[in-house]
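Taken in sequence, the protein lines are chains X and Y. The opening residue of the first sequence carries number 1 in the UniProt record's numbering; numbering runs sequentially from there. The opening residue of the second sequence carries number 1 in the UniProt record's numbering; numbering runs sequentially from there.
Read the hints as simulated data drawn from the structure, not as lab findings. One thing to keep in mind: the hints can contain errors.
[As the list claims (entries may be wrong)] To give an idea of the chain Y side of the interface with chain X (calculated C-beta under 10 Å), a few residues: (1) Val94; (2) Asp142; (3) Val146; (4) Glu149; (5) Tyr174; (6) Ile189; (7) Phe193; (8) Gly228.
[To be verified] Here are the computed lysine to any residue pairs in the SDA-like style, where the Cα-Cα straight-line distance is at most 25 Å: (9) Y:Lys251 / Y:Leu159; (10) Y:Lys34 / Y:Leu19; (11) Y:Lys38 / Y:Val51; (12) Y:Lys251 / X:Leu81; (13) Y:Lys95 / Y:Thr196; (14) X:Lys157 / X:Val144; (15) Y:Lys34 / Y:Ala20; (16) Y:Lys251 / X:Tyr130; (17) Y:Lys251 / X:Val78; (18) Y:Lys251 / X:Phe32; (19) Y:Lys251 / X:Lys157; (20) Y:Lys251 / X:Asp80; (21) X:Lys113 / X:Asn85; (22) Y:Lys251 / X:Phe38; (23) Y:Lys95 / Y:Thr249; (24) X:Lys154 / X:Ile140; (25) Y:Lys251 / X:Val144; (26) Y:Lys38 / Y:Ile239; (27) Y:Lys95 / Y:Arg114; (28) Y:Lys251 / X:Lys154; (29) Y:Lys95 / Y:Arg43; (30) Y:Lys95 / Y:Ile62; (31) Y:Lys95 / Y:Trp39; (32) Y:Lys251 / X:Gly13; (33) X:Lys157 / X:Leu142; (34) Y:Lys35 / Y:Ile56; (35) Y:Lys35 / Y:Asp230; (36) Y:Lys251 / X:Ile129; (37) Y:Lys251 / X:Ser16; (38) Y:Lys38 / Y:Thr196; (39) X:Lys113 / Y:Leu159; (40) X:Lys113 / X:Gly13.
Computed from a predicted structure; not experimentally measured. Backbone N, C-alpha and C define an ideal beta-carbon position, used for all residues, glycine too.
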Amino acid sequence: MKGDHLTGLPQKGYVSRNLWTGILFGIGLAAFLDEVIFHQLLGWHFFYDRSTTRIGIISDGFFHAFSWVATVGSLFIVADLRRRNAWWPTRWIGGALVGLGGFNLYDGIVQHKIMGIHQVRYDTDNLLIYDIGWNLTAIIILTVGIIVLLQTRKRVKGRIG
Amino acid sequence: MQNHHPSVFVEWVLVFPFLAALIVYTGSFFISRKKGRKWPAFRTIFWFAGVFLCLISVAGPIAHMAQVDFRIHMAGHLFLGMLGPLLMALGAPVKLLLRSLSIQRARSLTRILRSRVLGFLSNPAVTAALNIGGLCVLYTTDLFRVMHESPLLHVVIHLHIFLAGYLFTVSLIYVEPISHRTSYLYRSIILVFALTAHGILSKYIYARPPESVSADEAEAGGMLMYYGGDAVDLMIIIILCYHWYRATTPKETGNDNGVLV
Numbered sequence: 001m002k003g004d005h006l007t008g009l010p011q012k013g014y015v016s017r018n019l020w021t022g023i024l025f026g027i028g029l030a031a032f033l034d035e036v037i038f039h040q041l042l043g044w045h046f047f048y049d050r051s052t053t054r055i056g057i058i059s060d061g062f063f064h065a066f067s068w069v070a071t072v073g074s075l076f077i078v079a080d081l082r083r084r085n086a087w088w089p090t091r092w093i094g095g096a097l098v099g100l101g102g103f104n105l106y107d108g109i110v111q112h113k114i115m116g117i118h119q120v121r122y123d124t125d126n127l128l129i130y131d132i133g134w135n136l137t138a139i140i141i142l143t144v145g146i147i148v149l150l151q152t153r154k155r156v157k158g159r160i161g
Numbered sequence: 001m002q003n004h005h006p007s008v009f010v011e012w013v014l015v016f017p018f019l020a021a022l023i024v025y026t027g028s029f030f031i032s033r034k035k036g037r038k039w040p041a042f043r044t045i046f047w048f049a050g051v052f053l054c055l056i057s058v059a060g061p062i063a064h065m066a067q068v069d070f071r072i073h074m075a076g077h078l079f080l081g082m083l084g085p086l087l088m089a090l091g092a093p094v095k096l097l098l099r100s101l102s103i104q105r106a107r108s109l110t111r112i113l114r115s116r117v118l119g120f121l122s123n124p125a126v127t128a129a130l131n132i133g134g135l136c137v138l139y140t141t142d143l144f145r146v147m148h149e150s151p152l153l154h155v156v157i158h159l160h161i162f163l164a165g166y167l168f169t170v171s172l173i174y175v176e177p178i179s180h181r182t183s184y185l186y187r188s189i190i191l192v193f194a195l196t197a198h199g200i201l202s203k204y205i206y207a208r209p210p211e212s213v214s215a216d217e218a219e220a221g222g223m224l225m226y227y228g229g230d231a232v233d234l235m236i237i238i239i240l241c242y243h244w245y246r247a248t249t250p251k252e253t254g255n256d257n258g259v260l261v
């Protein structure tokens with residue numbers, strides 16, 4: 001029995017757990033994709049950039065460390081939810097999309113623009129296009145995530161709340 | 001870097017504790033088996049592998065090369081301070097020792113384990129500070145250069161790297177009967193902080209080589225420290241989460257909702 005069926009919605013406590021492990025995983029995934037695709041494969045911005053500030057290195061360090069623990073931890077929590085027959089994939093994926101899009105939007109607006117820690121790409125004359133592309137993608141992912149979550153919330157309200 | 005090999009004496013001083021640990025472990029293994037208690041083979045294998053990694057990083061050809069090449073030094077640091085201690089911790093030496101001792105002796109050992117000093121030394125915040133703090137002092141002051149000139153410092157620093165790494169590992173993953181336990185959340189948070197500090201320090205080394213280390217070697221060494229640290233910390237995270245997963249196993253007989261197995 002999957003949590004997705006109307007008859008088998010997980011009990012209340014697990015509904016929120018599905019959400020926040022999803023978010024946790026989304027943030028971890030965002031960090032992973034950022035590091036692998038942009039730092040290592042494309043080399044648009046780097047492992048260490050000499051022009052970055054001290055705050056940049058420290059925040060990056062925290063983010064990276066947190067993402068490791070978040071990704072592994074959230075997957076173990078999913079395993080726990082499955083074992084309890086309480087995994088609700090739709091709500092979890094909604095949470096993951098919110099985490100992924102939300103973090104990239106934060107990265108694109110706060111870290112790239114306000115703090116200026118690093119930019120999407122350095123060897124370009126038209127950074128604006130990259131910024132728009134980055135943030136737009138983030139907004140789309142975030143919006144899809146929110147829509148999915150609203151859908152599942154309706155269901156929860158109908159059944160439990 | 002100047003070519004100062006550690007003297008044979010220094011090497012033996014560092015090798016001795018590991019050999020002694022190996023002998024005690026093997027002895028306990030046979031006594032415990034004689035008592036008819038089974039001991040998982042993987043623990044013994046982990047223990048031997050861990051001791052082996054520590055041994056090759058304090059003596060022999062790799063230890064010699066580490067004196068002149070910062071990259072090898074960093075590989076040795078990963079073995080002696082992270083991977084070696086992790087493997088040895090998974091060998092559960094204290095558990096094995098407790099099994100092999102007489103009841104009375106085992107009791108006095110547990111009394112020591114319960115002592116306040118060890119309670120303090122097994123608090124993750126303390127072990128993380130000892131571990132990362134020690135590394136910060138080593139790589140950001142000229143201690144690193146001085147270490148290559150003083151045999152005494154060489155011994156003390158290498159022992160510290162191992163002991164701090166070992167204490168850090170056993171304070172995060174509870175394979176042994178640990179009496180001063182902390183919550184999973186607390187340990188995860190400390191792990192995030194320690195991992196962060198380790199990452200920052202490796203980037204610092206990358207950008208600002210320790211005295212007497214060339215820029216090329218510092219960059220390679222910094223990256224090795226960064227990614228190697230990640231790999232070992234990932235193992236610790238997975239083990240920590242797995243222990244949480246096992247500890248929260250729901251009870252076999254249903255629950256209030258009746259949905260469960």
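Now the hints, each set against the structure:
With 10 Å as the threshold, the beta carbon of Val94 (chain Y) stays out of range of chain X, its nearest partner Cβ sitting at about 26 Å, so the hint is violated. For Asp142 (chain Y), the shortest C-beta to C-beta distance to chain X is roughly 22 Å, which exceeds 10 Å, and the interface hint is violated. For Val146 (chain Y), the interface hint is violated, since its Cβ never comes within 10 Å of a Cβ in chain X; the closest pair sits about 27 Å apart. With a cut of 10 Å, the hint placing Glu149 (chain Y) at the interface with chain X is violated, because the nearest CB-to-CB distance is about 30 Å.
The restraint placing Tyr174 (chain Y) at the interface with chain X is violated, with a minimum CB-CB distance near 16 Å, outside the 10 Å limit. Checking Ile189 (chain Y) against chain X: minimum C-beta separation of about 9 Å stays under 10 Å; hint holds. The restraint placing Phe193 (chain Y) at the interface with chain X holds, with a minimum CB-CB distance near 8 Å, inside the 10 Å limit. Hint on Gly228 (chain Y) is violated. Least Cβ distance to chain X is approximately 14 Å, over the 10 Å limit.
For the given pair, Lys251 (chain Y) sits about 44 Å from Leu159 (chain Y) by alpha-carbon distance, which is inconsistent with the 25 Å threshold. For the given pair, Lys34 (chain Y) sits about 23 Å from Leu19 (chain Y) by alpha-carbon distance, which is consistent with the 25 Å threshold. Using a Cα cut-off of 25 Å, the hinted pair Lys38 (chain Y) and Val51 (chain Y) holds, with the two alpha carbons roughly 22 Å apart. Using a Cα cut-off of 25 Å, the hinted pair Lys251 (chain Y) and Leu81 (chain X) holds, with the two alpha carbons roughly 14 Å apart.
With a C-alpha separation of about 31 Å, the suggested pairing of Lys95 (chain Y) with Thr196 (chain Y) is violated against the 25 Å cut-off. A hinted pair counts as satisfied when its Cα atoms are at most 25 Å apart, and Lys157 (chain X) with Val144 (chain X) qualifies at roughly 20 Å. Taking the CA atoms of Lys34 (chain Y) and Ala20 (chain Y), the gap is about 21 Å. The hint holds against a cut of 25 Å. Distance hint between Lys251 (chain Y) and Tyr130 (chain X) is unfulfilled; the C-alpha atoms sit about 52 Å from each other, more than 25 Å.
Of the pairs offered as hints, the one joining Lys251 (chain Y) and Val78 (chain X) holds, with about 18 Å between alpha carbons and a cut-off of 25 Å not exceeded. For the hint linking Lys251 (chain Y) to Phe32 (chain X), the alpha-carbon distance of about 35 Å lies beyond 25 Å, and the restraint is violated. Distance hint between Lys251 (chain Y) and Lys157 (chain X) is unfulfilled; the C-alpha atoms sit about 29 Å from each other, more than 25 Å. Pair hint Lys251 (chain Y) plus Asp80 (chain X) holds up; C-alpha atoms about 13 Å apart against a cutoff of 25 Å.
Distance hint between Lys113 (chain X) and Asn85 (chain X) is unfulfilled; the C-alpha atoms sit about 43 Å from each other, more than 25 Å. For a cut-off of 25 Å, the pair hint linking Lys251 (chain Y) to Phe38 (chain X) is broken: about 45 Å separates their Cα positions. For the given pair, Lys95 (chain Y) sits about 23 Å from Thr249 (chain Y) by alpha-carbon distance, which is consistent with the 25 Å threshold. Proposed proximity of Lys154 (chain X) and Ile140 (chain X) is supported: the alpha carbons are some 21 Å apart, at most 25 Å.
With a CA separation close to 37 Å, the supplied pair Lys251 (chain Y) and Val144 (chain X) exceeds the 25 Å bound. A C-alpha spacing of about 23 Å is found between Lys38 (chain Y) and Ile239 (chain Y), which places the hinted pair at or below 25 Å, so the restraint holds. Annotation: proposed proximity of Lys95 (chain Y) to Arg114 (chain Y) holds, straight-line Cα distance about 14 Å (limit 25 Å). Between Lys251 (chain Y) and Lys154 (chain X), the direct Cα distance comes to roughly 31 Å. Violation of the 25 Å bound is thereby established for this hinted pair.
Taken as a hint, the Lys95 (chain Y) and Arg43 (chain Y) pair is honoured in the structure, with Cα atoms around 11 Å apart against an allowance of 25 Å. With a CA separation close to 32 Å, the supplied pair Lys95 (chain Y) and Ile62 (chain Y) exceeds the 25 Å bound. A hinted pair counts as satisfied when its Cα atoms are at most 25 Å apart, and Lys95 (chain Y) with Trp39 (chain Y) qualifies at roughly 10 Å. Between Lys251 (chain Y) and Gly13 (chain X), the direct Cα distance comes to roughly 17 Å. Compliance with the 25 Å bound is thereby established for this hinted pair.
Using a Cα cut-off of 25 Å, the hinted pair Lys157 (chain X) and Leu142 (chain X) holds, with the two alpha carbons roughly 22 Å apart. For a cut-off of 25 Å, the pair hint linking Lys35 (chain Y) to Ile56 (chain Y) is broken: about 33 Å separates their Cα positions. Distance check on the hinted pair: Lys35 (chain Y) and Asp230 (chain Y) sit about 41 Å apart at the alpha-carbon level, beyond 25 Å; violated. Our distance criterion of 25 Å between C-alpha atoms is broken by Lys251 (chain Y) and Ile129 (chain X), whose separation comes to about 55 Å.
Straight-line distance between C-alpha atoms of Lys251 (chain Y) and Ser16 (chain X) comes to about 22 Å, which keeps the hinted pair within the 25 Å bound. Of the pairs offered as hints, the one joining Lys38 (chain Y) and Thr196 (chain Y) is violated, with about 40 Å between alpha carbons and a cut-off of 25 Å exceeded. Using a Cα cut-off of 25 Å, the hinted pair Lys113 (chain X) and Leu159 (chain Y) is violated, with the two alpha carbons roughly 46 Å apart. Using a Cα cut-off of 25 Å, the hinted pair Lys113 (chain X) and Gly13 (chain X) is violated, with the two alpha carbons roughly 38 Å apart.
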